[in-house]
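K.L.:
Given next are the chains, with one letter for each unit.
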Amino acid sequence: MSEIKIPVYNPDKFIEENGFDDHFHEHHHGDKYQSNFFTTYVFSLDHKIIAKQFLITGIFWAVIAAAMSLIFRMQLGFPEESLTWLKPILGKWIIVNDAGIGSLSQEFYYALVTMHGTILVFFVLTAGLSGTFSNFLIPLQVGARDMASPLLNMMSYWFFFLASLVMFISLFVSTGPFSGGWTAYPPLSALPQASIGSGAGMTLWLVSLTLFVVSVLLGGINYITTVLNLRTKGMTMWRLPLTIWAFFLTAILGLLSFPVLVGGFLLLIMDRSLGTSFYLSDVFVGGQALEHVGGSPILFQHLFWFLGHPEVYIIILPAMGLVSEVMSVHARKPIFGYRAMVASMIAIGFLSFIVWAHHMFMSGLNPFISNFFVVFTLMIAVPSAVKVFNWLTTLYGGNFKLTVPLLFAIGFVSMFISGGLTGIFLGNSAIDIQMHDTYFVVAHFHIVMGVAAFFGMFAGVYHWFPKMYGRFMNDTLGKIHFWVTMIGAYCVFWPMHYIGLAGVPRRYYTFDSFETFRHFDGINQFITVAAIITFIAQMIFVINFFYSIWKGKKVKSRNPWNATTLEWSTPIEPVHGNWPGKIPTVERWAYDYNKDEREFVPQYIPPREGEEMH
Amino acid sequence: MSTGIIILLCLALFVVIAVQVSKLSQLGSQIRGEEHVEIQNTNRNAWGMLLFGILFLVLCIASAWYYKNYMLGYGPHESASAHGGVLDSMFNLTLLFTGIVFVLTHIALFWFTFKYRYSPTRKANFLSHDNKLEIIWTVVPALVMIVLVIKGLVGWNAVMADVEPDEDYLEIEATGMQFAWLLRYPGADGKLGSKEFTKITSLNPLGQDWTDTKNLDDIQPSEIVLPVGKKVKVRINARDVLHSFDLPHFRVKLDAVPGIPTRFIFTPTVTTEEYREKLSKYPEYQVPSDPNEPDGPQLWETFDYELACAELCGKGHFSMRRLVRVVSEQEYEKWLAEQQPYYMSTIRNSDEDPYKGQLLNVDIKERKEAFEARFKSALESKDASGRIIKLEHVNFETGSARLTADSKYELENVAAMLKANPEIKASLRGHTDNVGDAANNLKLSQERAEAVKNFLMSKGVSSSRLTAKGFGQTQPVDTNDTEEGRANNRRTEIKI
Chain A
23 MSEIKIPVYN PDKFIEENGF DDHFHEHHHG DKYQSNFFTT YVFSLDHKII
73 AKQFLITGIF WAVIAAAMSL IFRMQLGFPE ESLTWLKPIL GKWIIVNDAG
123 IGSLSQEFYY ALVTMHGTIL VFFVLTAGLS GTFSNFLIPL QVGARDMASP
173 LLNMMSYWFF FLASLVMFIS LFVSTGPFSG GWTAYPPLSA LPQASIGSGA
223 GMTLWLVSLT LFVVSVLLGG INYITTVLNL RTKGMTMWRL PLTIWAFFLT
273 AILGLLSFPV LVGGFLLLIM DRSLGTSFYL SDVFVGGQAL EHVGGSPILF
323 QHLFWFLGHP EVYIIILPAM GLVSEVMSVH ARKPIFGYRA MVASMIAIGF
373 LSFIVWAHHM FMSGLNPFIS NFFVVFTLMI AVPSAVKVFN WLTTLYGGNF
423 KLTVPLLFAI GFVSMFISGG LTGIFLGNSA IDIQMHDTYF VVAHFHIVMG
473 VAAFFGMFAG VYHWFPKMYG RFMNDTLGKI HFWVTMIGAY CVFWPMHYIG
523 LAGVPRRYYT FDSFETFRHF DGINQFITVA AIITFIAQMI FVINFFYSIW
573 KGKKVKSRNP WNATTLEWST PIEPVHGNWP GKIPTVERWA YDYNKDEREF
623 VPQYIPPREG EEMH
Chain B
20 MSTGIIILLC LALFVVIAVQ VSKLSQLGSQ IRGEEHVEIQ NTNRNAWGML
70 LFGILFLVLC IASAWYYKNY MLGYGPHESA SAHGGVLDSM FNLTLLFTGI
120 VFVLTHIALF WFTFKYRYSP TRKANFLSHD NKLEIIWTVV PALVMIVLVI
170 KGLVGWNAVM ADVEPDEDYL EIEATGMQFA WLLRYPGADG KLGSKEFTKI
220 TSLNPLGQDW TDTKNLDDIQ PSEIVLPVGK KVKVRINARD VLHSFDLPHF
270 RVKLDAVPGI PTRFIFTPTV TTEEYREKLS KYPEYQVPSD PNEPDGPQLW
320 ETFDYELACA ELCGKGHFSM RRLVRVVSEQ EYEKWLAEQQ PYYMSTIRNS
370 DEDPYKGQLL NVDIKERKEA FEARFKSALE SKDASGRIIK LEHVNFETGS
420 ARLTADSKYE LENVAAMLKA NPEIKASLRG HTDNVGDAAN NLKLSQERAE
470 AVKNFLMSKG VSSSRLTAKG FGQTQPVDTN DTEEGRANNR RTEIKI
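Keeping their order, the protein sequence lines are chains A and B.
Add 22 to the 1-based position in the first sequence for the working numbering, that's all there is to it.
Add 19 to the 1-based position in the second sequence for the working numbering, that's all there is to it.
Think of the hints as simulated: they come from the structure by calculation, not from any bench.
To give an idea of the chain A side of the interface with chain B (calculated C-beta under 10 Å), a few residues:
{"no.": "1", "residue": "GLY202"}
{"no.": "2", "residue": "PRO209"}
{"no.": "3", "residue": "SER392"}
{"no.": "4", "residue": "ASN496"}
{"no.": "5", "residue": "SER570"}
Below, simulated BS3-like cross-link-like pairs (lysine-lysine); rule was C-alpha separation at most 30 Å, straight line:
{"no.": "6", "chain 1": "A", "residue 1": "LYS578", "chain 2": "B", "residue 2": "LYS42"}
{"no.": "7", "chain 1": "B", "residue 1": "LYS42", "chain 2": "A", "residue 2": "LYS501"}
{"no.": "8", "chain 1": "A", "residue 1": "LYS576", "chain 2": "B", "residue 2": "LYS42"}
{"no.": "9", "chain 1": "A", "residue 1": "LYS423", "chain 2": "B", "residue 2": "LYS134"}
{"no.": "10", "chain 1": "A", "residue 1": "LYS27", "chain 2": "B", "residue 2": "LYS142"}
{"no.": "11", "chain 1": "A", "residue 1": "LYS575", "chain 2": "B", "residue 2": "LYS142"}
{"no.": "12", "chain 1": "B", "residue 1": "LYS395", "chain 2": "B", "residue 2": "LYS444"}
{"no.": "13", "chain 1": "B", "residue 1": "LYS142", "chain 2": "A", "residue 2": "LYS35"}
{"no.": "14", "chain 1": "B", "residue 1": "LYS134", "chain 2": "A", "residue 2": "LYS617"}
{"no.": "15", "chain 1": "B", "residue 1": "LYS401", "chain 2": "B", "residue 2": "LYS472"}
{"no.": "16", "chain 1": "A", "residue 1": "LYS576", "chain 2": "B", "residue 2": "LYS142"}
Keep in mind that this is a model prediction, so the values were computed, not measured.
Glycine included, every Cβ here is placed at the ideal spot set by N, Cα and C.
Using the sequences plus the hints, can you model the full thing?
P.N.:
Shown next as structure tokens:
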């Protein structure tokens, strides 16, 4: 067989000939708004800058939240070792005993666990993932100059920034940050008498997350509008890359579910400060019986999980989109079953709204109600299975260089399989009686929505970094990052299944108080060591990221991955408005790889005579 | 502090190394030619993926095998309750299906990654969709899910079903508080008394309503003891924040919610002793329980069932342990008989006792039995002083011959015994201490003896069998110098 010939396209020529003239650059308002440092890099209206702001803020939070997990993992894995050396940072939260052994205070252990969850779920895997890539890719891939409302888009970031600021401040209040778990179940979260973290820390937590929801809604409404209204000529819904479908569905999910969370928070705020009893009844705490009567703590769980479950898909859908896109580009194949991929995402998105109570099988909910939630929950396995099989078939018969983005995409599929399958255990209420709130659950959700989502995000960052900064990230460091993370993440979370199967509950400060739970010192030490190593690998990523922004290998051609989507038709460092002249029109779907003798055909290339189109 | 500096230095060093590696690798690929390096890298990583895939699957299966005797449902840790088998078999069925999918998809994933790595002479195929394949892998998972859902829900509804109205079961209660479980057994009447959170005090941690007599015999043990094979309904309550009643060995878990009582029904089927017996057969449990004490008891010997909390409830969440013992029916009865009702041990005659100073039916019954015993032994006594019975619970109001209300119970016992033994004649003897005027005391004691006689007559004892005599302060049985002694001297006796 002969060598593969990679065609070279000149997008400028095609766009000039076939593109759509929206007279954008005659107004020059783009430059007016980007005239100085502040308007260019700080209060920027440009979706590409806003995307980078989301990404870098997300990285900042990811490092903090991961470092938190190391601190509490050290306490869990090595309770006898002294943590006195952390005293300069943690101060009074490190308690030194008579023998000079410093250990984490119980309150702060729970505060760290809570902050770790809150920050990663909301600030990193929602804002950092969907915020970054929705912003960056939606206008570029649908062929738009920018978001439908650049102003709302900017506000979306700055609300997130405010939320971050408030949450950051809460880490330093004297009673500590909120410590009642990221799910914030009342009465614990409602009563400062029950836990010091439920005082000022919880107030700031609620303020921060409410600001955060504003950010998500402003972003979401923008993403939806942009996808629906600003697609370029020829970009039908069925020609959208899977990334855009994923971001679009994610935004709809967020728009429908986050307001319910704010509703739940509002009632909680009233219970906390106005003496209402939405969630409180028959409470005796701090030596006195409270006057609250008639509320139901379970109501909060309904409101929380009505967001909380779609939230899981708000996290994983963008990762799925990124992985599908990266996999197809690097495997040099169309994504297998494009329509089935879209349909399965829609099915998952829809089902995600009617499964929330599977988090509540053991909450005291009427057991009869659980029947429905079991049925819908296990139904999600079907579209998820379809996606996995389609990814596998996309790899089948490909011809891929194992680049860092593809490695992470493959790693994502492995994590999604491993973590997804354990969901079938937990979704079945009968098994959940035993597994609920054990380390089995910790293993499940960390693998399927923590590690998998991170892998999707890494695939995206390594793949689109050249478009973001005009440089590549270093390949060797990227591969070290991948391998250590892949092995490390499994070493951290796989053994947790076993601890969970032994019935060990999650959120225990120590396991020694129970005969049943105290036999796993070896596993716990192993997990802690693996977590430290995995964390160091993430530092490699952070160094690689920032080093490559300024010193990375320069991108020399417009389309370094030979991809078909529109963002690669922009100049190497896209200008404000993305395309210097006309905007490209779209003539085909995004997955024409090795369709005929051409190795790939970008979306803006018109069909040849007699060419069969998708 | 020095550890902190060392860590900072390590971090700095780490950054330098990472940057150097990045520079070197970039330089290297420029020298050797990028395409060449890419192919070489792809080959290396493809082999890496294949190796990783094999090791991953092998280690997953091997580690599961290694830890199986610690895991619930495997080795010795089969469920210790009647319903637990349903969960364990559901778990195994799900493990079977998901295990097959896990292994097959991972083999495909890593094999494809290896097999279809880049070759400059091969072209990727254009495979955009295949309706038949897609229908197959939609329908097959759907069918598997249907099986799991049906089996799961049948099990779930059986496990969560309430007790039948005519069923025999033991009802107990567990109340979560920060940070302990409060346990309550119903006592002899088999019923738990009512409670109200506003009545909670330090003495009354559950807020039991003591005017509800069902509460008076309720027990608050420090451990859960259950008879093997008996159905148990646990009422689960919380008094401050959420908790979760977690008995891992019995496959029992349910949240405790303030304001909303929940329940879980289960039947323990393996006694603690039997469970230890099972464990003793596994080498994992034939090691010292405390590694620092090699000659101490072995792991299987120190095994106990435990109650834990499985819902984050604050800083002491990890410490809410209670011991659970499953024993034979006889041992259970024996244990139960040893338990004192919480009311009797803690509340009785405290300021919170609504019956403070009042006689309870139990007291009356006890006194009756004690009197009957004394009467019988007096009947058999040959010696004159042996035939005198002191009426412990007959009292008069101070300085008068009016009987106190509670005295009637003792006198009713006297009347009953006299009627049961019609041949007996009885003389009633009144005594006082030496306080006050001797003549008055004599008169008072005479009146008191008469009062007792009159009472007995009113209960149907013939007056011909009774004589009443007052002795005043003339026959003390104790010193009159102490209050205790004087109290002993103030007495009513019956001589038969």
